[in-house]
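Given the coordinates of chain W, work out where chain S should sit on it, guided by the hints.
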Amino acid sequence: MESANLSRRSLLQAIAAIIASAATPLGWAEVAQAMDAHTAPLTGADEKLAFFSSSDASDVEAVAAQIVPTDDSPGAREAGAVYFIDRALSSFFSQLGGDYRSQLSAFQAAFRKQHPEAASFASLSSRQQVEFLETVDQTPFFNTTRLLTLLGMFSLPSYGGNRGGVGWKLIGFEDAHVFQAPFGYYDRDYPGFVIDPVKSK
Amino acid sequence: MSMQTYRDSDSVDVVIIGSGAAGGVIAREAAQAGLTVVLMEQGPRFSVRSFRHDELKDWYLGGITNDVVKNPQTFRDAPDKKAELQTFKPALWYGRGVGGSSLHYTANFWRFHEIDFNERSVLGPIPGTGFADWPITYADLEPYYTKVEWEIGVSGLAGASPFDPPRTKPYPMPPLPVKSSGVLMERGARKLGWHPFPAPLAINSENYRGRGSCVHCGFCHGLPCEVRAKASTLTTVIPEAEATGRCEVRSESYVFRIETNAQGRATGVTYFDRDRHERFQRARAVVVCANGAETPRLLLMSASTQFPHGLANSSGLVGKYLMFNYSSRAVGVFEHELNEYKSVQVSRILHDFYDSDPKRGHYGGGGLDARMGPQPTTWAIRTASEGPSWGSEFKARLKEFPRSMQVAGHGTSLAVESNNITLDPDLKDAWGLPAIRTTYKDHPDDLANARFLRDRGADILEAAGALRVTKADVTEQTSSVHLLGTCRMGNDPATSVIDKYHRSHDVRNLFICDGSSFVTSGRGQPTMTIQALAFRAGEHIARFAKRGEI
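One line per chain: the protein sequences are W and S, in this order.
For the first sequence, the working numbering begins at 1 and goes up steadily by one.
For the second sequence, the working numbering begins at 1 and goes up steadily by one.
Extracted from the complex, chain W is given alone in its bound form (with noise of 0.2 Å):
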């Protein structure tokens, strides 16, 4: 829980530095608790598999690592995509998952049509892959798997993916409930709106 207790500590710096500096906010006891309630499930990770078989998995999570990819920050992989795609097309996507198993199966047929050789997608080189990938990417599978993959990596990390919050780390997006202008660059030095900037001069 020690990254709920810091988010806490933060949250709380920032509700008393908006205290200190303008009008309190009324509803700060609701940004308390759904601060915690959103911090809670960051931590603890199920590597149970209810949609997929484990081949299926690393062949889905094989794609998924390509549509994002691992280089000098993490990508799909580390962020779990898979597991919460599996869980998605067992729960709350259960409508998807129909469609998705066949476009699976067409996806893994094609793949073997073109690689008799290879026992799955997942055990090519990432180059292969790649050159793989190239001819599917307009594909139904691949598009669901596109979709899931980006829900999995952004979304809360409790539905299974954006483990450790990766995915925000990656795109610079703050997990935080309390700001304060300025907010960025650009904003900072701002003198104030003038109503006719031409007539005023």
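It is possible that part of the hints are untrue.
As the list claims (entries may be wrong) - Quick list of in silico lysine-lysine cross-link-like pairs, DSS-like style, CA-CA up to 25 Å:
| id | chain 1 | residue 1 | chain 2 | residue 2 |
| --- | --- | --- | --- | --- |
| 1 | S | K399 | W | K169 |
| 2 | S | K57 | W | K48 |
| 3 | S | K57 | S | K70 |
| 4 | S | K70 | W | K169 |
| 5 | S | K546 | S | K147 |
Said to hold, decoys possible - Covered by chain W, according to a simulated footprint, are these stretches of chain S (three or more residues, beta-carbon under 8 Å):
| id | region |
| --- | --- |
| 6 | 157 to 167 |
| 7 | 381 to 390 |
Because the hints were derived from the structure by calculation, they are not lab data.
Virtual Cβ for every residue (Gly too), placed ideally from N, Cα, C.
Okay, now just chain S, sitting in the frame of chain W:
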């Protein structure tokens, strides 16, 4: 506080269907005027304490909205096609809970301008459309716009735009702090000689009427506000209606039929309660505020031998003239961080292109706003649709999140009769009721206007010094959150569904007020006008009730 409850057999003065932007306001106006009210809502009553920054739940799983499993819909772009089931996101997306779509809206609260009400007279007819004037003017609605600003709570700066229509009072709260996107819009637009100004928002910039000020969390768009700074009817007028002791809010109560008697009067509504038991609530008057899709659906489901084509539908126009508005966008990437994910969506807008101009070669106009755009998940999905969509280059684009902004264009939609809501002939929802079927194709002028506005947005981004500007493709829309025009207001019963007081032409004690009442689409931000209409309708309904004219 113990809340007033009524029995089904009690004949309350008014039963209101839908507790969103309009229904909540009318409930308060009626109850404060002394009428007894039952406010029906399909969805649950959420606790503000249950609201989270859960983008997946609220954007993709119908957390506070209709969802594709329980409330399935079909969509097609032409009347001769079979409409297809939407399996991932519904075509029409609306709040389903006490507060309705005011829970998840972005809270851009622009008033309409004078031209929105009389544009047909100014510009002349447009062949193939139902382009028409409203039976009311901006001046008729001005006092109620002011009422929305002061009683719902709107932040803004009066007199900041040279294009603003006349107003009788300033805003009750100053604008929210400018964001980097707002500063850049000012920089770019002023170079081009245009007139950006602080965006009016139904979000508190300071404590107001017992609700706290915005804490800039950045999750207004599509999600409910956990600090009540964004004004939803759940946290503003509905508690005020209940405080009168004359209004019962009945959540998880799904009205599917308005009953009428031999005299052609509405007698009350039949609904499923939360245990799916069929019940009937008697009432002296029925007010439908269920939104531009659910309102015509309910009227069509209320067909009877006396009203074979649906209730209040002697004109045949119930469900027709659906208008979405067109929301276009240009995206800019800058050298330094903007961190647009912080705070409200929009801090600066401009109305230089609000009016239609024949020189542009098409009908239409609109407003532009500088905004964040999507939150992380939707950012990623959208980025994939606008350039490299997987691999290292895609990953590099994802990382531009804090350095990006968009200028969104909000444009007109023409009223086209074949754009409509009908009952799907085959598909049923989880209660066994006919699903909403949408038929929609943007008018060519709407698309041309969207491109025009998008290109002006790109001009602003370039003038502001963006490193890269991307113009999102303008293609025909297949989904919307703006549900307008489907029970239009007018003086002539042959060409409209309700009169200028929101009374249906056909049924004397049936009133309709929500986005369906619109005659023209306006320029993209409809809720302010929906609520101004609702304050006005509520006042008139209370007056009619007191005179025995319902």
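Run the distance test for K70/S versus K169/W: straight-line Cα separation, threshold 25 Å.
Answer violated: K70/S to K169/W is near 35 Å, above 25 Å.
Given coverage of the region 381 to 390 of chain S by chain W, tested with a Cβ cutoff of 8 Å and a minimum of 3 residues
Check passed, 4 qualifying residues.
Within 25 Å, alpha carbon to alpha carbon, are K399/S and K169/W?
9 Å, holds
Has the given pair, K57/S with K48/W, been kept, meaning a C-alpha gap of at most 25 Å?
22 Å, holds
Next pair to validate is K546/S with K147/S; report whether the Cα-Cα distance is within 25 Å.
Status holds; Cα separation ~22 Å.
Next pair to validate is K57/S with K70/S; report whether the Cα-Cα distance is within 25 Å.
15 Å, holds
Has the region 157 to 167 of chain S got at least three residues whose CB is nearer than 8 Å to a CB belonging to chain W?
holds (count 4)
Hint 4 from the list above is the single one not met by this structure.
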